[in-house]
Amino acid sequence: MEELYYMIYILVFIIGLIAGLLLSYKKHMEPYIMSEIDIPSLILAIVGWFFLLNHGLIRFASPVICLAIAFLFIGYVIGRRPGYGRRETAIGIAIAAIVWISTSGVLF
Amino acid sequence: MLDLAIWVYAGLALAIFGSLAMVIGPGVKDPIIRTINSEVASVGVCLVLLSYNHTLALLTLIATTVVITLILLRAVSRLEEIGADV
Amino acid sequence: MVIESLGGDLFGTIPLGDIVLYLNPLHLFLFVTILLFTVLIAVSRTETQIEALFGSLEENEVKVGKKEFKQRRFLAIICGIATAGAMITGDLFNFTLFMALIGIVNIGIVSAVKQVSVLDSAYQYGLIAMMCGLPLFGGAAIILAATGTLSLFELQTLPLNAMVVFGALMMLVGVAGESGIAPFYASKAEMFRTPGSPFILIIHLSSLFIIVRFVEILLILIPVI
Amino acid sequence: MVVDIVPQFVPAFFQSMYVPVLYGGLIVAFIGLMGIAIEKRDIQILILTDLAGLAMLIIVAAVGTDLAEALVLPGLVVELAETLAISEILIAREMRKAEDARSFAPMPLNMDMEIMTTAPNFISLVLIGYGIFLSGFTGGAVAGGGIVLFALSRKIRGLPVVVIDGVGAISGISWCLWIIGFLLFFMMPQYWLLSLFLAAFGLLLKVASKMGLIGILMREEYGRR
Amino acid sequence: MPSLGKFWNKFAKPKNIPRLFALVLGLLLIAGFLIPTALNPDQLYPRPTPQTQMDAGLSIAPYDRGGEILSAPGITKAQYPENSASLGWINSYMSPVADAIQSISPYFGTSIYSSPGGLIDEILYYTRGFDTILESSILMMAFIIASWLAINFTMDRKNDEEEIRKDVKLAISQSSNVENAVEESNRKARKRQARRER
Amino acid sequence: MNLMADILINVIIAFLAGSLLLGLHRKVMARVQLRPGPPIVQYLLHSLKFFFKEVSFPKTASMPFYIGITVILAGIWVTGVIVGPVAKGSLMILFGIYAIFKIVEHNSGSSSGSPYGKLSCVRAVFSAAGELPLFAVIGLVFLKTGSMNIADVIAYQSAHGPLIMSIPLAAIMLFALILTKSPYSPFAITKGKDIVSGFETEHYGVLRGYIMFSESIAFYILLWLFLTLFFGPISVVGYVIGMILITIITGVINAITPMLNPNHSVMSQITIAIVCIAGTVLMLVA
Amino acid sequence: MLELINMTTISIALMIIGAIGVVLLTKPLDKVIMVSVLEAGLFLAIATFKYLDVAFLTAMLDPLSIIVFLIALMKIYNVRKSKMDDYSTIDNLEIIKENDGELNERPFKEAR
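Residue numbers (my numbering), protein chains in the order written: chain A, 185 to 292; chain B, 826 to 911; chain C, 617 to 841; chain D, 26 to 250; chain E, 442 to 639; chain F, 15 to 300; chain G, 4 to 115.
The set of hints was computed from the structure by calculation and includes no laboratory data.
Predicted model only: the values in this text are computed from it and were never measured.
A few of these clues could be false.
Under the rule of at most 30 Å between Cα atoms (straight-line distance), these lysine-lysine pairs were calculated in the DSSO-like manner [said to hold, decoys possible]: (1) D:K122 x E:K518; (2) B:K854 x D:K122; (3) A:K210 x F:K67; (4) F:K73 x E:K451; (5) D:K65 x E:K518; (6) F:K73 x C:K683; (7) E:K518 x C:K730.
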């Protein structure tokens, strides 16, 4: 069954990528010049990366669903037009990593 | 036993001598001379086959040597005739 | 035992006297593929090469004539069958013979063309193929002298022997020359400049498959572990 | 009694002679190959590859068993056939290079040798008869020698395409005979005698008819006016 | 680095390849003198010491391998005797003509035993028959190639009138070329002759 | 699980992951060359797009062959997935698949009649030498582990530690092969831009779709093979990280190297192979 | 002394003499004669081994090979001679010699 889940993750990730690409083209007509952070995608990135690294903490849904959602969101943020979504992703990774480190017991 | 060994050595000597003659013998720049020299090596091989009692192989070798010579000489003369410098 | 660890479990053998053909997943895969290609070749037309002429706006078409086409198709099919045979044979000498057949047929496939450069490389390749008789048959004979057998089934159980390694190396050089892998690739690669894509495909196919098969034979002959 | 006729192991003579003969073969091969390596002209290399074939014969024959002889026999004929094919390619290449300048007919030869009018009929008849008696590769080679001589001594020139087609057909049919014989050996071993004759005469016909082709080629070359 | 490139470039010319191959093979052969070599006495199809059969006066020397015509098989030490149901029968068989010759003279062993029947035939056609099929196919292919080339390129094409007509037209249209070419080839021949005599 | 479903799932994974990796490869190259580069998903979109385009055939093509070759190309890579990730079968078969891949490359070039395809075809023959490293690698792996079955190799590694520790030069050789097969590599003479798109030049529409489909599977399988052969039993996360790393490394290398001339490309691969083989044999003997 | 004169020594001597002769003589016709000496030695060797049938065949095929050599030699001789004769004048030769380099540059035939 493992492979089936991997396939689902990849599919979801790709759907996220494509959706991100299409929506970002609709939203930003110009190539990457702006410097402010896009709030909705920042939220998605944080949620995605959080789910990816910390799905063990979440009890109300099965890890498969968590990971699928995580990949969808991550894909959505990464997949945007060149340049867009980089900062959001970085912030997402940072927050998720901090939570992961603090809860996994690496530090203690 | 010794008698047979002499034949084998004679055959090998002829084969080696013939091959040397084919490679660096006098006048081998001319392909005809080279082809005729190849006869020596083939007689040497014939002797080896003979002393090993491979007589059927010997028969075949004698028959095919003639034909191979014919083919090579045909190639040589035809190329001369065309005037190809190969 | 070595044979199983190389290509998977045996499916079965075809005994023809002292020559035993055998099949395992690897050979089956190669065998089926080569037959598939041979069928494809048998039903294909040839392509037309179009080259722009230098210095003008015209173009030059190179086609395969009908007589030439028939001859080359025939040889290509034979080459396919020979390669298929080489894939499943279980006898060393038999393998070298298949090799020699493939070599001569390869020359034949390109010998019918009109380009001088292609004929030239076919000739050079032919010289190599003739020289390959020495390492191939000689290598097999040295292995025969050292072990007293030519059957791969018997050879796989024998211990390592310097003469067998030498014979195997000779055969390796022979296969390398005959199938035109580097550093002997040039004469064979130049033969591919002629039109008649399905036929020249089989030249390449056969040499690569022979290499695959020979790797297996080499590993059978040289049991390191 | 029977054990006396065929020994269980290889006799001491072959064992003691193996190393010298093998070394002799290797030396011949080495000389020949070095000759090829330093030679620059194409036709010369073709002649020198003959030497590689001879070295191969020595190495194979050194094993000194009946199997070795059986491996030598066809090797010889194959060497011959390959030489023919490759020399043909060389000639074709050179003719293509100079095509517009040459007529296709070789220069006629004006010679009158006594031996060419009296000897051939007799010698070739004897050779062909003896070859038929021998059968197999050897018989084919011997009878073929006779046919070559016979064709060579005829006075006509020109291309008998029909004859060549006929030769091809005969050899194709005899090859089929041979295959049938081979299969019979394993399908119905009780008919081994029939299969033996099919095989032996199939091969005879095949080799002899191919040699006949050489004869026709040679008549082209050396035909008289 | 550039010299390495130049060195590599030599491998790209077809004309160099046979010579390179011969060189590599020749160098490999030297290894044959360095390793210990010996004949394994346990061979298939062994044969007696040369000339022993001849000296013993066997009428079918050197190929006598025992057996009686159509009643007992001869001796053949094959690899897989279980695969060959009628092993040994062929090397005991003798055709009627061969039988007749055998009674005449003891010096015709080779021809007797190579006319259908005999050990070599046993190996060639029976136990290793597949090899022989291949050999004869190689032969056939080589001759097919040679005869195809001969008919289409290198031979006198007296019967192919179309082709000849075409060639004649070509020759007429390029007769000046022809003249030059002939001259040149003669000059070349002369040069070559001079080189040979030098 | 059902075998067919297993195969299907693995093929889909290989295709999607391979496409993403190739996209990433292109992105990395672009960033090294200070361009923005296309989105990572672009390669996949391209492959999918071609399946819906109209197909056209050159007038000069060698007909059943021209089409059949792409189908065979897709077929052999599906077989590659079956032998590799699904069945963990014989390495020899994978080697055979690479041989056929070479042939398909060769022949899809020559069957169209285009001069660019023809050049690519001749170069494919030249670069048959590129398969020599693969042959040497599996030979060395066989000599080390005593088996050609991938499952056995994995078992050996879990017992004796990863092979990269014991035969690192073989790993370098296989890495050189990956480099050869990656797009825009200095050794990728068959697809060099001097001959337009090499063997793919004349294949449009669905046929091109098949080719791109197979290319992504091929890249995935090669990376999978590298990680499996030399890093032993690693987890999925390990595979993902390893594949991304290798892709990035090859991307950086390809971005900063020019394409070699065909002859030099072949001879340098051979030289690398010979050096690595000699080194590994020495290490094994010592 | 006399015991040295047996078939073995004679045949080997014949072969060695023949071999040396074939190699050292450079005129083709001389070579052909020495080839027949060589083959006579082989014939004698086969007779020493008592294989009469093989000897018989050798006796048949040896003249054949000599004939082959002779025909080929005559042909090549003719070809070379006719090539030599084709020069109409000596001047022609001089001119060609002067323009040697240039003529070599000129392609024998325009490429296809």
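For this session: Could you tell me which of the hints above the structure violates, numbers in ascending order?
Result: 1, 4, 5, 7
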